[in-house]
Structure formats: structure tokens, C-alpha cells
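Undergrad: Place chain A on chain S using the hints.
So you can see what is in the structure, the chains are spelled out below.
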Amino acid sequence: MKIIVAIKQVPDRDSPVHIDAAGKWIEESDLQYAMNESDAHALEEALQLRDQHGGEAIVLSAGPERVGSTIREALAKGADRAIHIVCDDLGARDALGVARLLAAAAKQENPDLILTGLQSEDLGLGQTGVIVAELLGLPHATLILHVEKTGTGIEVKRELEEGWFQTIELPTPAVLTIQSGGNKLRYATLLGIKRAKTKEVRQLAAADLAVDAAPVAVLEEIGLPKKQKSTQMLAGTAKEAATALVEKLKFEVRVL
Amino acid sequence: MTLLFPTLAEPQQFSVAERLLFAGLAVASAYAFWRRFGVVLDKILKSKKDASFHLFPIGKRVRDFVWEVVFQAKVIRQRPAAGLAHAFVFWAFCAFVLVTLNHCAGALGFGFLDPAGTIGRFYFWFAAAFALACAVGILGLFVRRFFIRPKWLGEKLSWESGVIALLIFVLMATFLASFFVNGAGTAVRILWWVHTLALLTFLPIVPHTKHLHLLLSPFTVFLSRGSFSQIPPLSGDEDFGLVAGTDLTRLVSLQAYSCVECGRCTEHCPAANTGKLLNPKTIVLGLRAYLNDLGPASQEPLLGKYNSQQAAFQCTTCGACEFQCPVGIEHVPILVGLRRGAVNTGAWEDDYGSKLFLALERGSNALGLNPAERDKFIEKQKLPLFDGTQEYCLWLGCMGGYDPKGREIVADFARIMSFLGTSYGVLRKEKCTGDPVRRLGNDLLFQQLAEANLEALAQNKVKKIVTICPHCVRTIQEDWKEYGTPPEIEHHSEFLARYADRLPRVQNQEKIAFHDPCYLGRYRNVYEQPRRVAALAGEVVEAPRNRERSFCCGAGGGLTFLGEETGERVSQVRAAELAATGAQTIAAACPFCNSMFRDALAARGEGAPQLLDIAQLAARGLPRPDAS
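Going line by line, the protein sequences match chains S and A.
Heads up, the first sequence is in this note's numbering, so the first residue is -4 and it goes up one at a time.
Heads up, the second sequence is in this note's numbering, so the first residue is 81 and it goes up one at a time.
These aren't lab readings, by the way, just hints derived from the structure by calculation.
Hints should not be assumed to be uniformly reliable.
Which bits of chain A does chain S cover? Going by a derived footprint, with three or more residues having C-beta under 8 Å, they are [stated by the list, open to error]:
| id | region |
| --- | --- |
| 1 | 424 to 436 |
| 2 | 442 to 451 |
| 3 | 522 to 529 |
Each computed DSBU-like pair below joins lysine-lysine, with the alpha-carbon atoms no more than 35 Å apart [claimed, not checked]:
| id | chain 1 | residue 1 | chain 2 | residue 2 |
| --- | --- | --- | --- | --- |
| 4 | S | K194 | A | K126 |
| 5 | A | K456 | S | K243 |
| 6 | A | K128 | S | K222 |
| 7 | A | K511 | S | K192 |
| 8 | A | K385 | S | K194 |
| 9 | S | K224 | A | K511 |
| 10 | S | K179 | A | K509 |
| 11 | A | K435 | S | K144 |
| 12 | S | K189 | A | K385 |
| 13 | A | K462 | S | K189 |
| 14 | S | K245 | A | K561 |
| 15 | A | K462 | S | K221 |
| 16 | A | K511 | S | K189 |
| 17 | A | K485 | S | K19 |
| 18 | A | K462 | S | K234 |
| 19 | A | K231 | S | K222 |
| 20 | A | K544 | A | K462 |
| 21 | A | K456 | S | K179 |
| 22 | A | K485 | S | K245 |
| 23 | A | K435 | S | K192 |
| 24 | A | K128 | S | K189 |
| 25 | A | K509 | S | K221 |
| 26 | S | K152 | S | K194 |
| 27 | A | K129 | S | K194 |
| 28 | A | K435 | S | K(-3) |
| 29 | A | K460 | A | K544 |
| 30 | S | K179 | A | K511 |
| 31 | S | K192 | A | K541 |
| 32 | S | K222 | A | K511 |
| 33 | S | K192 | A | K456 |
| 34 | S | K152 | A | K509 |
| 35 | A | K460 | S | K222 |
| 36 | S | K243 | A | K435 |
| 37 | A | K456 | A | K485 |
| 38 | A | K456 | S | K189 |
| 39 | A | K385 | S | K222 |
| 40 | A | K509 | S | K224 |
Glycine is no exception: its CB is placed at the ideal position from the N, C-alpha and C atoms.
One chain only, chain S, in its complex shape:
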């Protein structure tokens, strides 16, 4: 199985977020970057499929030079090789623009499967993977927790609302967007990092892919969420309050 995993480098969760002077994006100077979480799960799914069925797992990432660190991390975790679409204007492109870049690069490889996270931690649009599928004319499924290879294609487990799941079959090649938490991530190892140094990272210039960069959607303004604290007191006896709390944790917060 030849699997491409599209990975985005995003600002680290723990980094302080400040809005830049133009009010259109965040200050990038003191940011630290990390691999988008659902992309990490997509990578893990790809590695498990590769380990089970053979073939290769190829990392595909677009962005400036700094993206190299995330690519190396993916190679260290076990990806076989990588394609880096070098472009400094990722922020100026909309989801369609980014998907065009990814689709153009992926097309050259003729993969059996393209996996990516279901959404990015920074913009959270959740569109890129689906647009890639549309651009390549491939079937797709979203919110995938698990992928199984079948005789003719793949069988995937999708997460629906309210704790429901759906199992569907798809032919390959296909595009899947992976939900976080469906698999257990592996940790990076010293052996992996050392092996990663010898793995191929092919750099493609965004300009060479000859895709339309003009955005159809433009970011007008961004703002920090308002801090809101709403404390609810649960009345009644300890037993009643506990029951109410369990209800809330189950159905409102959905952590139980």
C-alpha cells in the first residue's frame, strides 16, 4: 500500500498567542510549532497500515523552511520518505489554495490512499482533505477512527454524533480525514531520529506545481475568544447533585 499522509505544522498549543498589528493573523516571531494533532493520528494510522500490509508511508507537507522540523519528526516516527512543498505564503492561501498544492504533489505519486487530519488546530476549517479528494476525483470519508484493508479496498470506522459510529467500505484510491484519538500515537525514538537523517525529503517549489494561488475566501479579521466563566451550582442532596453532575458530564461536556 502506498499511502500519502498530508501533515500541517501548526503553532504549539502551549505557545502564547498574540494577534499581529494588522489584526489578520497571530504574531509568529515567538511561536513554537508542532505537528497538527489529528495529522499525527493520520500518520499513525498510515504507519500501522504500512507495517501490516507493506508498501510505503510518504509524508506530504506544505510551508516554509521551518516545516522541516515537523517533517523530520514524522520520518523519525517511521514514515519512509517525505515531500516538502516549499512556500512562504501559506497564510495567504485559503483551504482551496493549499489543497491545490497538496493534490498536485500527491498526483505525481499515484497513491492508494491519502490520509490527513480532520482539521487543523490553527484554522480548524476541516476542508483541506475533502477538497483534495474533489480535486483528484477520488472518493473520500471524514472523521475516521480506524482503517482496515479489505480484498477490494478499505473498510473504515467513522465517528458520528452522540457516540454513534458508522462502518463503510470504500474502493481505493481514496482520501480519508482522520479523527484524533482513534489510535495510540507512538513516541519518537533516538533510533528513529538517526534513521530519519538518511531518509529522502524531496523539496518542491510551490511555483513549479503551477496551481492557482488566488484565494476565493479571505480572512478579514481574527480575535481572541472572550474569557467566560459560568459556574453552575448543582442544588439538592449529595446524591441528587452527583446524579445531575454525571448527566452534565455525559451529555453536555461529553467526557464520560
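TA: For chain A alone, coordinates are given in the frame of chain S:
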């Protein structure tokens, strides 16, 4: 006169047949000895060289050698009765080197000690005193092993120990008896031959059994890594820790063959004492069996048939085994080495372990919390930020920055520093020192954390650090050295003890049981300072196992982040021991111990003693924070 001061009798002459027989037996004995000893030596010498080993400075090596080998101080101190008996046997062996050489040379006509001469008479008398002590000693050890049977010596009776004891006893008895026989008679000849046969049987048994320690352990002690629980740096691009036979270094192989199977490590091991699979002795013997069967060139994994991965990850790195070991085995670097081999290659799969690693790959703290939580604590507590003008950087650590109880300790310690007028500040950003991942064998992550922290400290121009966590102290001071020069650091117990005279005492009769944290005691040799601090608030009482024999809380070695799912909980065993002192308060000096005991004491329910850090005890006498 002759009865009071008898002279050692020796056969006056040997026939040619006797000489030939002796020479033949001696050669056979030496051959049987070498056939095994040569193999062992070869396995040790063919092991990988220890890249980080330095013979110098040699002073400490000589001191340790004299103290531990010549004086047998560790052997005696940690097990007085058996230790003393052993020391007598050892000292007699030393005294007998000359006696034995003279004994063998005499048969060939080259005897150099004349029993009737001044020197000879004196020396044989000197040796006889040791022989007497040795005979008594070996009898005692025999009775202990075969009748008292301490469980640390293992379930199975070691017949070879019985044979060795018998041979040693015969050697001493025949020597002593020779003072009371006539030099011309048959008796002296019989004694001489029995002594000789015992000697020539003893020699080849040594390398075939654990008695090999009497040849190897002096070297093992002398050639130690140089300091307690020192984890050697990885060498070169293909070193991932102890993965296979090819990774065993000469020191590790020497140590594996030196083990005398006394079980002191097992006796003090928190894992072995709470029903876990891990037994440090078994780990060392597992390596020895590996070397015997496969040798140091094998690619077969070390964890598998010969040693268990599960066991290797049950070690709290408390170091009790290494501290106790009388033959110089360094268990912690071996156990951490095995873990490195498993983690650095990704062979170790553990949900809790992966969770910890992933939390530190992306985040800053081992608890996996948002660093904004630490900012909030700093703000709420009004802790000053370090700006380069203050004397100390107060290192919070993961527990001090994120754990509710750890924060209380930091808050009280900060109050004391302010009371004393010591200037301090905390770093705006701090990452985990890497202690848990270092001990779990994740070198990649440890390097990233150490380097990021070293850079932050250098940028902030930090000169001196003080912290409430002994794990941070150890990791910053010793383990970070691989990646740079860390600032000076001390534990808050050392700081507080220095100013104890300036801190107000609380007059009461409260009994306080102090628990020695492994990383403060055995790792740092700090025993008195925290007691001096605790004594500000009451009377310090001791748990049965204290100071260098302190029993771990169960948290170290990254284990606080893993699930302890087999056997009893280490923390509960120790908490019960501390509670049984009858003390109203248990004093800890480590936030990890504190969190372990917090849970263990809560499980004991009502009436459990209260648990406080020494800083909280020292702060009791301070004016209330809200008093104006």
C-alpha cells in the same frame, strides 16, 4: 614453652614421588582453574570498551578500594554479623598468600619462611590468629547459610557454598593443627597433604562458582564508574543503550561475573519487596547467563529470554541495590541501560509511558498540563520573576509548578526566603528537567529537555538554583552535564539548614518521622540537613529503615507516571512503616514522595498522621502571611 608457643611443623623432606605427585596435581588444578577463568576473562575483555571510562582522578578509587575491599567496611556495616565473619575469612586469605606460597615452594625445596626463625615464627603466628578467626567465621557463615537460611540467599541451598566452606575450614584447621604435631612424624605429612589437596581443589572451584568474586570484585570496586548511579553517555551513532550482547561494556560484564549472589540488593529493593517481578540480583545473573551462553558478540536481545522487560521497567531507580552491593555492581546504570535499549529503539510499548513521552514531546511538563496553569500560580502567589538581579533562581519543577501540594510547599519555601531576606525569582518558562524520561531511558527526549532548559537558564543568566525537588537537583547537576554546564544548584533542605538558626522554632513536643528521599539521601548524601530543618517544629523520630537504608516511596525512575499494577504498592508499604513510628507528622523533602504518601495515607483513612514537607514545618514559626 613449646606448648604455649608452639612452632609450626612442616614435613622435613619430600620424596621424589611426592614431589612429582604434588607438581602433577598443581598443574592439573591450575589447568582446571584457567580453563574456566580464561573463558570468563575473555568474555569480559571482548566486551565493548567503556568509552566514558577514566581511571583518573584515582584518589577516590584508592579510597573506595581501601575502605570497601581492604577494610570490608561496607560488608560489615550493612550486615554486621555476617559481614564480620566474611571479613575474617577475607583477611585470613590475604594473610595466607605468603603462607600458601611458602607451602607450595616448600614441597619443591624452595621454602622461604623458616618456622623456627624470627620472621617465620612471627608470620606463622600472625597467620594463625587470622586462621582461627577465619575458621570461626566460616563456621558461622555455614550455619547461617544452611540452618538460619535468610531468604535473601535464595530458595535453593547452594551446595557449592557448602563445599567451599568445608574446604576453607579444612585449610585453616590443618594449618592450625600443624602447630601441635611433631615435625618428624606421619601426622605432619598427613596434615600437609590434606591442606594441599584442599588448596588444589579450592582453586578450580573458584572460577566455576560465585566465588569468582574473590578474584574479580577487588577490580570491580576499583574500576567503578566513579560516582553513584552514574548513567554513562551513549557513544557514537549506533549506541542506543543495552540492546544486545554487543552493547555490554567491559564494566557491565565484569560486574555480571562479580556477583556473589548475597542478595543484599534483593533485600533492599522496593520492587522485590512488594511482589513485583523485578529482582536486581536476577537481572545481574541474567546478564551473566547471557554472557555464558551467547557471549558479548551476540545480537540476541538482552531483554527476552535472559531478562524480562517488564522487570526492567519496575525499577524506581532508588539505588538501594547499588548502595548495598558489596562487590561494586552498579545496578542502576544497568537497569537504565536496558530501558534505554528498549525505549531508544521503540521496543517498549506502554500506554502510560507513551502518554508521558508524548506529553513532554509537545508540552513542557510531565503532568501534561497547560503551562498557563503555572503562570496563574506564579501570579496568584505573587512570585517574583527572575530578572538576573536576584541571588537565586527558584526552580519550581513540574510538581512545584502544577501539583496542588507541590505548590503549597513552594509557597511556604518562598515565604521563608522572603523572611530571610534572600532574593529570588522564578523563570517565566520552565520545562521538565527530564528526570522521568532520563530514568526511563528516552535519550532523545531527555536531550531535548536538557538543552532547552540549559539555554533558558543561560539566557536568563542564572548562577544559582534552589528547588524543593531532589529529582530536579540530581538531574540538573549531574545528568545535564552531558549537554552543557548547569548552574550551581541546591536542595531547599540544604538552604534551610544553613539558615536554621535564624528561623523561629515552634515549641512543642510533636513527633516527626522524617522520610529520606532516595534522590536526596543515597544520590546526594544529604541526611542531616532535612532533619535539622524538621527539628524546628518538633522532635524528629526515625523509621526502622532510614538514611542510606531508606525505603523508596515508589515514585522514582518515572514510575509515578506508570501504572503500578502488580503486588502491593511500594508507597503503602513505606507509609505504613512511617505511620507505625507513632509520629503525628510525617516529614517529606521531595514533592514526589509527598504525592505518593498523600495517596497512601489517604487510603489508611482516619487517624493517619499528617504529611508535610520540611519547608512547611520550617514555615510554622513564621509570622502569619496576613498579619500586618
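Undergrad: Checked against the structure, which of the hints given earlier come out wrong?
TA: Those not satisfied are hints 6, 13, 14, 17, 18, 19, 33, 34, 38, 39.
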